[in-house]
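**Q** In terms of this note's numbering, the sequence shown opens at residue 1 and continues consecutively.
All the pointers check out, no bait thrown in.
Distance condition first, Cα-Cα at most 16 Å in a straight line; then the derived EDC-like pairs of lysine to aspartate or glutamate:
(1) 592 - 491
(2) 416 - 428
(3) 592 - 626
(4) 528 - 452
(5) 692 - 711
(6) 275 - 166
(7) 228 - 302
(8) 228 - 265
For the record, the hints were derived by calculation from the structure and aren't laboratory data.
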Amino acid sequence: MSPRWQAAMIAADDVTQAPLLRTAFTLDPGHGEVTSAVLHLSALGVVEPHLDGEPVGEDVLTPGWSSYEWRLRYVSHDVTARLAAGDTAGDTAGGTGEDHVLGLALGNGWAVGRLAWSGHRGLYAPEPSAIAQLEVTFADGHRQTVATGPDWQARASAVTADEIYDGQDVDARLLVPRWAAVDGPADGWSGVHVVDFDTARLTEHLGPPVRRQEVVRPVAVTTSPSGKTLVDFGQNLVGWLRFTVAGGAGSTITVRHAEVLEHGELGTRPLRTAKATDRFTLSGGTDTFEPTFTFHGFRYAEVTGWPGELTVDDLEAVVVHSELRRTGEFECSHELVNQLHRNVVWGQKGNFLDVPTDCPQRDERLGWTGDLAVFGPTAAYLFDVSAFLRDWLRDLDAEQAHDDGITPYVVPDVLKFSPPKELRGKPDSTCFWSDVAVWLPWTLYQAYGDREALAEAYPAAAAHVRHVATLLSPTDLWDQGFQFADWLDPDAPPDDPAAAKADKGVVATAAIFRSARTAADTARVLGKEEDAAEFDALAARLRTAFGRHYVSDDGTVLSDCATVYALAIEFGLLDGDLEVKAGDRLAEVVEKAGYRVSTGFAGTPYVTDALTSTGHLDEAYRLLLEEGCPSWLYPVTMGATTIWERWDSMLPDGTINPGQMTSFNHYALGAVADWVHRVVAGLSPLEPGYAKSLVAPRPGGGITWARGSLDTPHGRLAVSWRQEDGGLSVDVTVPPGTSAVLRLPDGREHELAAGDHRVTA
Numbered sequence: 001m002s003p004r005w006q007a008a009m010i011a012a013d014d015v016t017q018a019p020l021l022r023t024a025f026t027l028d029p030g031h032g033e034v035t036s037a038v039l040h041l042s043a044l045g046v047v048e049p050h051l052d053g054e055p056v057g058e059d060v061l062t063p064g065w066s067s068y069e070w071r072l073r074y075v076s077h078d079v080t081a082r083l084a085a086g087d088t089a090g091d092t093a094g095g096t097g098e099d100h101v102l103g104l105a106l107g108n109g110w111a112v113g114r115l116a117w118s119g120h121r122g123l124y125a126p127e128p129s130a131i132a133q134l135e136v137t138f139a140d141g142h143r144q145t146v147a148t149g150p151d152w153q154a155r156a157s158a159v160t161a162d163e164i165y166d167g168q169d170v171d172a173r174l175l176v177p178r179w180a181a182v183d184g185p186a187d188g189w190s191g192v193h194v195v196d197f198d199t200a201r202l203t204e205h206l207g208p209p210v211r212r213q214e215v216v217r218p219v220a221v222t223t224s225p226s227g228k229t230l231v232d233f234g235q236n237l238v239g240w241l242r243f244t245v246a247g248g249a250g251s252t253i254t255v256r257h258a259e260v261l262e263h264g265e266l267g268t269r270p271l272r273t274a275k276a277t278d279r280f281t282l283s284g285g286t287d288t289f290e291p292t293f294t295f296h297g298f299r300y301a302e303v304t305g306w307p308g309e310l311t312v313d314d315l316e317a318v319v320v321h322s323e324l325r326r327t328g329e330f331e332c333s334h335e336l337v338n339q340l341h342r343n344v345v346w347g348q349k350g351n352f353l354d355v356p357t358d359c360p361q362r363d364e365r366l367g368w369t370g371d372l373a374v375f376g377p378t379a380a381y382l383f384d385v386s387a388f389l390r391d392w393l394r395d396l397d398a399e400q401a402h403d404d405g406i407t408p409y410v411v412p413d414v415l416k417f418s419p420p421k422e423l424r425g426k427p428d429s430t431c432f433w434s435d436v437a438v439w440l441p442w443t444l445y446q447a448y449g450d451r452e453a454l455a456e457a458y459p460a461a462a463a464h465v466r467h468v469a470t471l472l473s474p475t476d477l478w479d480q481g482f483q484f485a486d487w488l489d490p491d492a493p494p495d496d497p498a499a500a501k502a503d504k505g506v507v508a509t510a511a512i513f514r515s516a517r518t519a520a521d522t523a524r525v526l527g528k529e530e531d532a533a534e535f536d537a538l539a540a541r542l543r544t545a546f547g548r549h550y551v552s553d554d555g556t557v558l559s560d561c562a563t564v565y566a567l568a569i570e571f572g573l574l575d576g577d578l579e580v581k582a583g584d585r586l587a588e589v590v591e592k593a594g595y596r597v598s599t600g601f602a603g604t605p606y607v608t609d610a611l612t613s614t615g616h617l618d619e620a621y622r623l624l625l626e627e628g629c630p631s632w633l634y635p636v637t638m639g640a641t642t643i644w645e646r647w648d649s650m651l652p653d654g655t656i657n658p659g660q661m662t663s664f665n666h667y668a669l670g671a672v673a674d675w676v677h678r679v680v681a682g683l684s685p686l687e688p689g690y691a692k693s694l695v696a697p698r699p700g701g702g703i704t705w706a707r708g709s710l711d712t713p714h715g716r717l718a719v720s721w722r723q724e725d726g727g728l729s730v731d732v733t734v735p736p737g738t739s740a741v742l743r744l745p746d747g748r749e750h751e752l753a754a755g756d757h758r759v760t761a
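Taking the hints into account, I'd like the entire structure generated from these sequences.
**A** Written out as structure tokens, the structure reads:
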């Protein structure tokens, strides 16, 4: 149940950087033992709660980033045990009539810090502030509330600077021991002020919390050509460093982060203006540093000022992301493909930090909608993202509802505060990016079978299709307005990623056709037959216009490149002989390119499927397994441990792509893993939520065995196949209460009930 907010949003009076807020309270006497105690809190900024000198919970970067203007999420912690039994920090024992202290440590976070590449900060709030309400229930039913208000105290912390992009500075000489404990310092505190805030904006945090997930130890400490000390963690990850060190009072350890090395030095140019630098000033004793008000995307750290010789045993990297349960696995006989798949997994972990971001390292880290539109099926296989993305879709709905049905490029839409000059005016809906409003809810419905979540997302889906219908030209084509379209076509110049081979009108019209058809399917599931008829009619108009204006009698699609054929085939825009001809032409285009990737954001997720569905499985495998640049495996051969933004983010000679925009942790191009899961392993749903599954492995490319598994809403679905002695053996596990169809490569089908099965062919 949501709390009835009595608390006020408060900020420190005289502290401008990372303040500490606290209040002392006494449990009401005479009501028996504490039977329940729940702390609800949120912040404009990020907040770390403390009770009686100890942190409350394991969450970090609370409350994350949402569309703060309309949705500020709060979190709740059950602290009953702490108040009923007392804590272990040496304070007064638990029970009634005792003294306690509730404390809040604040950082700038997304609300106050700078966001996007324009350099602006404080877009949501001018100062960090917090709201907290501790609700205590006693044995006799009496309730006591401790809430933030003007009577709280504030003081400076040891954090002297903190920004998401730039890093965090900590001066251990300024640490306030036991600042949130009853026996903590009584002097040095100043007042707080109430911030104007409507508590109606507070909404429960639906998604999982952000937490420390694992620790990665360094694999090497080396010296760069210029004499810098470099630490290699062997894995591109997202989080921060943690270490304990002793050194001279006032001396400073500086840590710079980057994803790659270039010419043996830290490769920081891709960070653009993000400093990604932490500074730790020593107290003269033994200090432990962990910068929890920021995060970095990095494999390498450059460390200066370390007292003595730095070794691999001196520090560790803490991996941080939303707490997502791993659900899907894949492995096969081709080790480069296995590494590619591991890279996809790490890319999702690093970018699913409260918001599904494009990248986690530079001056961006925004919830770009196009990336998620194509990566959604992969994301839903690898991890349980049902709550994570349902929460994000609520932000999308809020942004869209306040902008006349326009689904923005990023969610939360920070670009509306300072539109980039290159966007040339007010942004409008754009294909793929805005289509996420329709595609993602349908993807999640197929993965989890949650009709309630689909219904919740439907208004935004319908609004998107209806809005784009107003943008069509008189010829029923979406061939006007700005489009990212086949963004980052590998043949585009490094400084012009939108200069793709694929005609933008072809890409956009194909995308809105898919959205109209999917919206119609969604409406039917929800019993909205009039809406379904409306969207069916629109889809029919779009399909007719696409064929009339973009498809020749010989199956040639305008601009004659891999992306337009892939979309026309996979989105269902071609019939019969035309689809066959288009598939044959796609195979020719792929072969002519030497089986190197020639598609960007729009075409890449669908090109292997289009080849497969038109009888060109061998070409699909050759495309997947190509190692030359550009290809999926080229980065693997270059030592990549995450998915790159550009096919050639690093050039074969070890230099970074000369474009102003490149990232080495950008999950979108990893959408090919969806094909790997469905075709190489062979797992996909026949009914929403895998109530009935299809198991249809399609061996090829010299891969001799593969296995995949998925924790569906009904239980574990798994397949393992192996080719040997000229035959194929397939082992299948079907979840309880469900069934499956096993489709063998020769087309024969077997109906499988729940349980374990083995079939040979």
